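Trainee: Single-letter residue listing:
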Amino acid sequence: MNVNVVKSGDYSIISVEGRVDTTNAGEFEKAVMEVVNSGINMIIFNCSGLNYISSSGLRVFLIVQKRMMANKGQLKLCSLQPGITEIFDISGFSSIFSIFPDQDSAEKAG
Amino acid sequence: MKRTTLSYHIIRNVLLFCIGLFLVTFSIYYYFTRNTIRDDTSENAIFMAKNIVNRIEQVLTPAEKNPEIIAKMLESSFLDKDSLVPFLKSMLKGNQNVYGSIIAYEPNFFPEQGLYFAPYVYRQGDSINSSILGDKNYEYFYMDWYQIPKITNAPYWSEPYFDEGGGNVLMTTYSVPFYTYKNGQRTFSGIVTVDISLEWLTKIMSQVKILNTGYAFLLSRNGVIIAHPNKDYVMNQSIFTIARENNQPALRETGRKMIQGKSNFESAGFKSEWKPGKLWINYAPLPSSNWSIAVIYPEDEMFASLHRMNIILIVLILFGLSVLSFVIYKIVKKLTAPLKHFAESARLIAAGNFNVHLPEIKTDDEMKELHNSFSFMQKELGDYVINLKDTTAAKEKIESELRIAKEIQMSMIPHIFPPFPDLPQIDVFAVLKSAKEVGGDLYDFFVIDGNKFCFAIGDVSGKGVPASLFMAVTRTLVRSISDKEYSPSVIVGTLNKSISQNNESSMFVTFFLGVLDLSNGNLKYTNAGHNPPVIIKNNKEAVMFEKTKYIPVGLFEDFEYGESSLQLESGDKIFLYTDGVSEAENSENKLFGDGTIMDIVSMNVTASPRELIGKMEEGISAHVNGFAQSDDITMMTIVYNG
Chain A
31 MNVNVVKSGD YSIISVEGRV DTTNAGEFEK AVMEVVNSGI NMIIFNCSGL NYISSSGLRV
91 FLIVQKRMMA NKGQLKLCSL QPGITEIFDI SGFSSIFSIF PDQDSAEKAG
Chain B
10 MKRTTLSYHI IRNVLLFCIG LFLVTFSIYY YFTRNTIRDD TSENAIFMAK NIVNRIEQVL
70 TPAEKNPEII AKMLESSFLD KDSLVPFLKS MLKGNQNVYG SIIAYEPNFF PEQGLYFAPY
130 VYRQGDSINS SILGDKNYEY FYMDWYQIPK ITNAPYWSEP YFDEGGGNVL MTTYSVPFYT
190 YKNGQRTFSG IVTVDISLEW LTKIMSQVKI LNTGYAFLLS RNGVIIAHPN KDYVMNQSIF
250 TIARENNQPA LRETGRKMIQ GKSNFESAGF KSEWKPGKLW INYAPLPSSN WSIAVIYPED
310 EMFASLHRMN IILIVLILFG LSVLSFVIYK IVKKLTAPLK HFAESARLIA AGNFNVHLPE
370 IKTDDEMKEL HNSFSFMQKE LGDYVINLKD TTAAKEKIES ELRIAKEIQM SMIPHIFPPF
430 PDLPQIDVFA VLKSAKEVGG DLYDFFVIDG NKFCFAIGDV SGKGVPASLF MAVTRTLVRS
490 ISDKEYSPSV IVGTLNKSIS QNNESSMFVT FFLGVLDLSN GNLKYTNAGH NPPVIIKNNK
550 EAVMFEKTKY IPVGLFEDFE YGESSLQLES GDKIFLYTDG VSEAENSENK LFGDGTIMDI
610 VSMNVTASPR ELIGKMEEGI SAHVNGFAQS DDITMMTIVY NG
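Chains as they are written, first to last, in my numbering: chain A, 31 to 140; chain B, 10 to 651.
In case anyone wonders, no lab produced these hints; they're calculated from the structure.
In silico DSSO-like pairs for lysine-lysine, Cα to Cα no more than 27 angstroms straight-line:
1. B/Lys442 <-> B/Lys556
2. A/Lys96 <-> B/Lys558
3. A/Lys96 <-> B/Lys556
4. B/Lys398 <-> B/Lys388
5. B/Lys506 <-> A/Lys102
Here the structure is a predicted model, which means the values were calculated and not measured.
Could you put the whole structure together from the sequences, leaning on the hints where they help?
Mentor: Right, dumping it as structure tokens:
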């Protein structure tokens, strides 16, 4: 798993690559929460390199989503691979996250 | 492999090196020593030859003086005829080497004496006698000793000869011509001789000893042997007759050079019966008499001392090498003795005895370092094992607690099949396999009010102890909520509200809950973010439930859950599972997948709940092929026989 954070306009783009599963979900949470705790509340997860996510990984997205909702910030997900989209669909998560096909459209959307 | 010792290796290598060194040193030593010995022996032989020459000359040169003085005295008429005999007698008395002396006059020199006049004085025993030689039977002036100096006008040493009439000794005669003045003319008048015994010569020669058997011999100017250790040769043989008899041309060549008055030191080209090996010869002339002396000795004697030395040297070196080997063996044994102990200690330590006694090292060298390292290892291993024991004990404690927790967890879900023998309308089979001791999956089923069959399957995010606690909470809440409630959406909604409050950890449960009315087959269900189950209609058609639009339980307390309904016919089956099934991975990270699930279900539409789950387990097991299970696996099959 690889987590990379870059600034793009108003948003912090967090790129996730590889697998997020039980073994490294804690690590993923720590990396993401560092960004969230720094006061940033405009976040886009670029998931183009994300191959697999387990429920522990989904939990991290949920934590961020809850924080953003509390802080009146924004969380967007983009570039989900079909397998990941499937997981989001099955779990009903698609309905609680703003999901965009690519980073560009995510940044442009209000 | 043959076991060899360290001392064997060291001794072998050191010995090979020493032997090599010795061979090189010995070869050089041998070469130079051989040359030195040859040169020394040669010098010695030359010196000895010169010495003999000198000693012979010491006798011969004074012996020449007497006749020469007499000749001068006769020439100056210092002696008259009558005083000749007394004069010669007195000369003999004063010269022990002179055996006899003659003054032989020319025929008719003294007319009153007649044709012959040759006074002769000689030794007989201890007395000195005299006579006058010359008569018809002994016409001395035809003798060699008279003729040769007369003709050559020069003194002459005769060939040595045996004086058979006199003393039976080897003699030689020195003849000097003398002159008188007749009518003012210096005229040859006769010969003065001295006979000199050569007995002393044999004595001198016999004293010559070179090496063990080396000897000297003397040749006359004609090559006749004058002195030789073999008495039979003396005056009987010449070097040339010996060469011919023994067929040794090289000896003849040497003899020729000798009588030509040459001197040389050389390796002899000839062989001798006397010694079978190679011979060396050194020869030199005697200036006065034209004799030649030779010293001859065998080569093996020349180098005998060297060979003796070599044997001593080799014996010494062999002895030295043996001692060296022994000393090395002792030293190495002493030095490496602790190694054996270390090896034993290492074995004992490996066997778990960390308090084993290490050998004491008194030296401050590598062995000490080894000792220290060993001692350090011993201590570290001891500490490590104590640590490990503590850790293991703690781990075992946790494991045992986890085992108990697992038992408790498993006791919370129904696990007696068939669960409702008195309810023929329904049959259920379910399995739950945690990836760890305890897991976050759950299933449950129970009957409400006698005819409402409630069943649920769920998956808590994450695994292990936190998930299991969350699962226990969920299961307990479901049971208590559905105690008086039949609507799946109300049950799930109430569950969500309870869990969402105070959910600091943001954990969640995907949850499917259905309530089947056993009286009419009507199924109401709510899917909160769970994998859609599979329904098998009429024992032939398998389809997946639609994907849900409801999120998992525990996220937002105000979330509104709805419910769907489905009419089941008798024999319809529902297969429920968690993502541990669909996402079962093999070593290549390939997921089991919904498609495979559907395939297996479709192939086993008529199977009993237990059989279907068995087939699914086989399928999963074949797919993961021994790869470690990463997530909890839960499956439940319900068949409605209404």
